[in-house]
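*Asks:* Work out the full structure, taking the sequences as your base and the hints as a guide.
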Amino acid sequence: MVLFDPAAATAAYLAQLPPEAHAKATAYTQGGHWLLLWGFLVSVLVSFLIVRSGVLVGLRRRMERRKPRPVLVSLAVGVVYLLIDGVLSLPWSAYAGWWRQKQYGLTSQAFGGWLGESAISLAISAVAFGLFLMALYALIRRAPRTWWLWSGGLTAVFITILMVLSPIYIEPIFNHYTPAPAGPVRDQVVAMAKANGIPADKIFVYNGSKQSNAYTANVSGLFGSARVAMSDTMFKQGADLAEVRGVVGHEMGHYAHYHSLWIAGVMSLLAIVSFFLVDRLFAPVCALLGGDTIKGLADPAGLPVLSVILAVLSLLGTPVTNSLIRIAESDADHYSLEHFNEPDGLSKALVKTIEYRAATPSRLEEVLFYDHPAVGARIRRAMDWKAAHPKAE
Numbered sequence: 376m377v378l379f380d381p382a383a384a385t386a387a388y389l390a391q392l393p394p395e396a397h398a399k400a401t402a403y404t405q406g407g408h409w410l411l412l413w414g415f416l417v418s419v420l421v422s423f424l425i426v427r428s429g430v431l432v433g434l435r436r437r438m439e440r441r442k443p444r445p446v447l448v449s450l451a452v453g454v455v456y457l458l459i460d461g462v463l464s465l466p467w468s469a470y471a472g473w474w475r476q477k478q479y480g481l482t483s484q485a486f487g488g489w490l491g492e493s494a495i496s497l498a499i500s501a502v503a504f505g506l507f508l509m510a511l512y513a514l515i516r517r518a519p520r521t522w523w524l525w526s527g528g529l530t531a532v533f534i535t536i537l538m539v540l541s542p543i544y545i546e547p548i549f550n551h552y553t554p555a556p557a558g559p560v561r562d563q564v565v566a567m568a569k570a571n572g573i574p575a576d577k578i579f580v581y582n583g584s585k586q587s588n589a590y591t592a593n594v595s596g597l598f599g600s601a602r603v604a605m606s607d608t609m610f611k612q613g614a615d616l617a618e619v620r621g622v623v624g625h626e627m628g629h630y631a632h633y634h635s636l637w638i639a640g641v642m643s644l645l646a647i648v649s650f651f652l653v654d655r656l657f658a659p660v661c662a663l664l665g666g667d668t669i670k671g672l673a674d675p676a677g678l679p680v681l682s683v684i685l686a687v688l689s690l691l692g693t694p695v696t697n698s699l700i701r702i703a704e705s706d707a708d709h710y711s712l713e714h715f716n717e718p719d720g721l722s723k724a725l726v727k728t729i730e731y732r733a734a735t736p737s738r739l740e741e742v743l744f745y746d747h748p749a750v751g752a753r754i755r756r757a758m759d760w761k762a763a764h765p766k767a768e
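Each residue of the sequence shown is one higher than the one before, starting from 376 at the first, in the working numbering.
Misleading hints may appear alongside valid ones.
[Stated by the list, open to error] Keeping only pairs whose Cα atoms sit at most 27 Å apart, straight-line, the calculated DSSO-like set for lysine-lysine is:
hint : residue 1 : residue 2
1    : 611       : 585
2    : 477       : 569
3    : 670       : 399
4    : 585       : 399
5    : 477       : 577
6    : 569       : 766
7    : 611       : 577
8    : 477       : 399
9    : 569       : 761
10   : 442       : 766
Simulated from the structure, these hints should not be mistaken for laboratory data. All values derive from a computational prediction rather than experimental measurement.
*Replies:* See below:
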């Protein structure tokens, strides 16, 4: 009898890709770490330029001269700020979001297609976050001492609404979603869903290859709008039934364990901490940026200042938010293995994700930068599971 060796099996899976493919994946992944820093510097520069231009102060003054309508002023200034920020950041966004992906073979989308979708996304974001900012500034005006405490509830409501509406109204703007087609794949997925109390009509396939060549699937939505979606890239890269079971089982884990909901809750708590710091740091940062004509924290023309503070906090908090997501991803892996016992299917799928997420980072690199557990570690856990739970022959 030959004993199964999880370490050797893990090495065999990782060896399915040649050394040059691993080197390319490492270059892409570690380059992405630097993007965090450069993206932060770009956001600070853009905010600085907007403050010094005085465009938001000028808009606020013109609107206030007509009739004092602080709610309308904060909405208008918020939308204009988000649009200007998006336009000024466009060269960086094009590099990070399209050109770099093209260089590494991770997208086949033409620049015109990317630009059009980015414009639509910017318009949607400007409206959605404009409404959020309108509510946030109303809080600041009504509760100037404790607004940051109430901001957690506002953030929770905003995130929940976006999660509920996104699969219904936003995602279909960019991709076409259809129920998994009749056949063995759908039969397997339906059986998996029914066996675990998950609605069988919530499994979709979408044309993700329109934007990305990456092998991926996701779960989105909340409550009645929640669904599991498989990109067509899975099938273009030859996903078999074992892979589908492993991957969809993972996404069902997110669905069954309400990961989106508890992550939203934690993010809302982090929002309270962030806005508390904004309350304390706004004045000195505003002076540093030269915002002499900004009247204070309650002035929506100070949005670029608020943005700089949140950018700093976001950069420093990256390891925390990444760790939260990694915990959920590990739990989803465990759910897939426990309920569907497809360690090889899951591992075959994970190998195909190495091209955009290097497989064997150091532990420090994983903690600081990875929002998913390292592929090598995930495959090893799958192989350990296989050793402990052999399938009946």
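*Asks:* Now look at each hint and say whether the structure bears it out.
*Replies:* Do the hints match the structure? See the list:
Only pairs whose Cα atoms come within 27 Å are accepted, and residue 611 paired with residue 585 is accepted, the gap being roughly 12 Å. Of the supplied pair hints, the one linking residue 477 and residue 569 is violated, its CA atoms being roughly 40 Å apart against a limit of 27 Å. At roughly 50 Å between alpha-carbon atoms, residue 670 and residue 399 are farther apart than 27 Å, so this suggested pair is violated. Of the supplied pair hints, the one linking residue 585 and residue 399 holds, its CA atoms being roughly 23 Å apart against a limit of 27 Å.
Under the criterion of a C-alpha separation no larger than 27 Å, the hint pairing residue 477 with residue 577 is inconsistent with the structure, at around 32 Å. Restraint check for residue 569 and residue 766: the C-alpha separation of about 21 Å stays at or below 27 Å, so the hint holds. Taking the CA atoms of residue 611 and residue 577, the gap is near 22 Å; set against the 27 Å cutoff, the hint holds. A hinted pair counts as satisfied when its Cα atoms are at most 27 Å apart, and residue 477 with residue 399 qualifies at roughly 13 Å.
For the suggested pair residue 569 and residue 761, the alpha carbons sit about 24 Å apart, so the restraint of at most 27 Å is met. About 73 Å separates the Cα atoms of residue 442 and residue 766, which puts this hinted pair outside 27 Å; it is violated.
Consistency with the previously given hints fails for numbers 2, 3, 5, 10, ordered from lowest to highest.
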